[in-house]
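Q: Chains as they are written, first to last, in this note's numbering: chain Z, 1 to 459; chain P, 1001 to 1498; chain H, 2001 to 2127.
Rather than coming from a laboratory, the hints here were simulated on the basis of the structure.
Keep in mind that this is a model prediction, so the values were computed, not measured.
Ideal Cβ placement from N, Cα and C applies to all residues, glycine included.
Keep in mind that the hints are not guaranteed to be accurate.
Calculated cross-link-like contacts (lysine to any residue; reagent style SDA-like; alpha-carbon spacing at most 20 angstroms) [said to hold, decoys possible]:
no.	chain 1	residue 1	chain 2	residue 2
1	H	2062	Z	322
2	H	2062	P	1432
3	P	1470	H	2084
4	P	1401	P	1471
5	Z	443	P	1107
Covered by chain Z, according to a simulated footprint, are these stretches of chain P (three or more residues, beta-carbon under 8 angstroms) [stated by the list, open to error]:
no.	stretch
6	1058-1064
7	1156-1167
8	1177-1187
9	1215-1228
10	1319-1328
11	1458-1469
12	1481-1493
As a plain string of letters, each chain reads:
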Amino acid sequence: MPHIPVTCEQREAMLRAVGCEALDDLFGDIPAEVRLDRALDVPGGLGEMELVAHLRGLADSNEPAGGMVSFAGAGSYDHYVPSIVDHVLRRPEFFTAYTPYQPEVSQGTLQAIYEYQSMICALTAMDVANASMYDGATAFTEAAMMASRVTRRHRVICAGTVHPEWQQTLLTYAEAGTLEVTFVGAEADGVVTTGADGALASVLQTGDVAAVLLSSPNVLGNLEDVAGAADLAHEAGALLVVGANPLLLGVVEPPGAQGADIVVGEGQPLGSPMSLGGPAFGFFACRDEHVRHVPGRLVGRTVDVDGNAAFVLTLSTREQHIRREKATSNICSNQALCALGAAVYLCAVGREGLASTARACITKAHYLRDRLLETGRFRAPWGAPFAHEFALAFDGDVTAMREAMLERGFLAGVPLAHTGPLDHTGIDRALAETLVLFAVTEKRTRVEMDAFAEEVASL
Amino acid sequence: MTERLAHTPATAPARGPRRLIFETGAAESRCVMPPELDVPAIDLDVALGGAVRTEPPVVPHVTEVEIARHYAHLASMNFGVDSGSYPLGSCTMKYNPRVNEDAARLEGFAGLHPYQPAATVQGALELMVGLAEALAEVSGLPGVTLQPAAGAHGELTALMCFRACHVDQGDARARVVIPDSAHGTNPATVAMCGYEVTTVPSDERGGVDLEVLRSVLDTDVAALMLTNPNTLGLFDENILEITRLAHEVGAFAYCDGANLNAIMGISRPGDMGFDAFHTNLHKTFSTPHGGGGPGAGPVCVTERLSPYLPGPVPVRAVDGSFEFAWPERSIGRVRSFYGNFGILVRAYAYVRALGGEGLREVSEQAVLSANYLKERLRQAYDLPYDRTCMHEFVLSGSRQKREHGVRSLDIAKRLLDHGFHPPTVYFPLIVDEALMIEPTETESLEELDRFADAMLAIAEEAATDPDLVKSAPYTTPVRRLDEAGAARNPDLRYRREE
Amino acid sequence: MYPSDLKYDKEHEWVRLEGDVAIIGISHFAQNQLGEVVYVDLPSEGDAVTVGEPFGEIESVKSVSEVYSPADGEIVKVNSGLADTPETVNEDPYGEGWMIQVKLADPSQLDGLLSAEEYEAFVSKEV
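So here's chain Z without its partners, still in its complex pose:
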């Protein structure tokens, strides 16, 4: 049997040592009624060569976006991952280790996560970042719950322009817990209005709001007025939670500088493969004053008995293994290795490379949008500022267009309707059906974009 080094002979000796005649004797405590009296019907027993052939067969029957000219985004992006990232992640000392509860033999993970936390704080312009959450959607939801704990209020206002899957996650948790969610959709220009006469301001006036939740860029690619939302929220005694794209923060103004109280997001752009949507990680950052309300693990710097600098999991009394039902969250396992990968990614691109990469994505997205508008097949429903992703209305059948382009080797963006229910976005249903989201990463070339525009025009 693979991975069981004990031999048959040794097994017999071990059985004798524990006073058993047969393996079955070890399971005497299990009542006969619940003993499985047959073999498990699970196919297997493949040797490594057969297994590789089988897995490769499954993999090969997919047509990965990574092998196409892809303009798909909506939460998962086809960025270049520097070679060094996976080489570090493949080090068994990192990937085969458990949670660093024994700091004396976990300094590698601990220091790497401390550095990761520092980088997330730097990107978001916040004081504290935790060691990661499951993904952007759950980080967003945990932020809403944290705001509720901080303010002792139960109602949150969520922008309808937040990714529908984040909305769904928030609603699932809210349904089961104590949060009440009110949505405010886009009023004009594909963003939430932050004027004194807008929907956000009027809902806030009803009082007792724990947090305003939005993301910028939003699901349409548009940049929200974060500073304006922060002012409105703070006036009402609510916190502002902002979902952000960490890669874009290389050049985009950080939410921390715009008044956000909690900044969260999907970390996938920082060195995680798309991998059908997971695993990547969620990042979570906030202000110092709220550190004791943070969900999840935190790594801190301290010293050992010899006075050497050392790192350790800290402020653990917030967590489930100590505070149990009063914990700030039930999260235990997080996405540490992906967070470590993000730290390596940020080192690899560096301060300049991060800015250049973000600038390249944004510049190319603006180029593609112009080319697509020139084809005459697309229409821009609004003119709000955007970064590396934008939505255009197509003048024909979106599904047919995508299929036709797929045959030509292009993944033609993501139909907005595929991102989830659009009820809260505030966008007219008929318009929403025609909208396609296009994301452009630094990997796309002018040649590819020109070819794409040309092919779409010819349909």
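On the provided structure of chain Z, position chains P and H as indicated by the hints.
A: The following block gives chains P and H in isolation, referenced to the frame of chain Z:
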């Protein structure tokens, strides 16, 4: 001179800390830069409506060799399963097969975008359906969601399904019953799901106290959450009665599957009367722990609860192709997309390598190895529940504390000098000075004996030279930490010297 | 270890009565059981406390304990210094490590508390 036991492998860990990556490199250092722009430059300030960053974020600027050296140094200060025995109770630190790592990185998996048309991800869907079918068979519960990212996430998902089902029946309930030996995630999950916790004590044999259970169960109880085998490493002999009692008052029975490694192919949660069950793929199904994650916590449920599972779920269509579908009464999503797919690939590879027969052998060996270690250590340490154990067992260091002032934490730290990762200590909470040991099936007899020898040697050291144990470890990259200082004055990020 | 001019309760708080104001902290035994105190979470001046109900929390590195009020009343003063130096609770539990001062609603509620001798006998059984 204090005796410092030799765990000094050929590649000795770098002693002492490494400076932060922020303090490495120089402003002109570059590693991987994107190509020159091949489209006309634009005015970012205009494009972004003025939302432009004025100060660049303080991320490092280093060259690749500096990155490689930095992380090589950090790695050398870490202990993983490849470094040696890792008998961390309740965590199932088994070997992580390398072929699984390769599989998850195949471009045909890693390169998939979550919103690709289903027709272009048939192999991925087939894999997910195959894994779900295997988990359904192992658990005896037919409905499966692969979406939860971790065990605690799975617990929450299941409780949400219970709540939705009760609410559908106009039967909303307020409490969840948990034994005192439960993992902390259980009560934390209950609170997140808006329920109150009722704790039931364990009886003298380490199982659920039936009498107390009967007294707390009523029609206000939504669920009973149980780990079976439990955190003492014991299979609850009354399991059928326990789940029957829960059902009698209309409550659901939930099985925390952290300890599935003991019973694969031997006993199934569904057959024990559980309505829902989560399994940690990063425990039982050999996917790596990654220094804390990512894992995956799929949930298996009865047919009655299947309509409530989070969507979308991968299914086999009538024509034999695969697609995503939404369960009829779904609670919604519990995260983005479909789950930690890359982890699912690894677990699937493990299942296909072992098959039903192999999975049973895993459990048999895991249980035998635990009992073997227990036998070797029973004289030197207290054994509060002296029964045949499952895949793990709990010793108590109370004798060492009483007689020599040596605590279980000291024993754990001293094990580091002997070259082993310590067991879980101080859990479960109901055992004084608990030492929870789970060897897993992937340790050889030689390693099991070396671990037992080390534990016996430490028991001896505790008696003859307690101070030696109390000040351990000596050979690790850093020694005991000032954890109180870390908590009193939190330093949670690098601050550039002004 | 247990000053005789104080009264104690079975949750390990001590009380020093000064007029109708009770000064409240935790006992030497309690701080020793907790280990190094890293954080003390206290209510605000003006808040009400209720006999037998928790009014604050004390954290060590790996535990959280609630602190209970031995009487009803209104908080007139909080030891704000503990925010920066929680270790004072370990170093001087009966002096600088006090937590709150409460203007008592009914001083007779303290009559049932333990004397130093009774408390010492009580904790000797807890070890």
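Q: Decide, hint by hint, whether the structure agrees.
A: Against the structure, the hints come out as follows:
no.: 1; hint: H:2062 x Z:322; in the structure: holds, 7 angstroms
no.: 2; hint: H:2062 x P:1432; in the structure: holds, 15 angstroms
no.: 3; hint: P:1470 x H:2084; in the structure: violated, 30 angstroms
no.: 4; hint: P:1401 x P:1471; in the structure: holds, 15 angstroms
no.: 5; hint: Z:443 x P:1107; in the structure: holds, 16 angstroms
no.: 6; hint: 1058-1064; in the structure: holds (count 6)
no.: 7; hint: 1156-1167; in the structure: holds (count 5)
no.: 8; hint: 1177-1187; in the structure: holds (count 4)
no.: 9; hint: 1215-1228; in the structure: violated (count 0)
no.: 10; hint: 1319-1328; in the structure: violated (count 0)
no.: 11; hint: 1458-1469; in the structure: violated (count 0)
no.: 12; hint: 1481-1493; in the structure: holds (count 10)
Checked against the numbered hints above, the structure violates hints 3, 9, 10 and 11; every other hint is satisfied.
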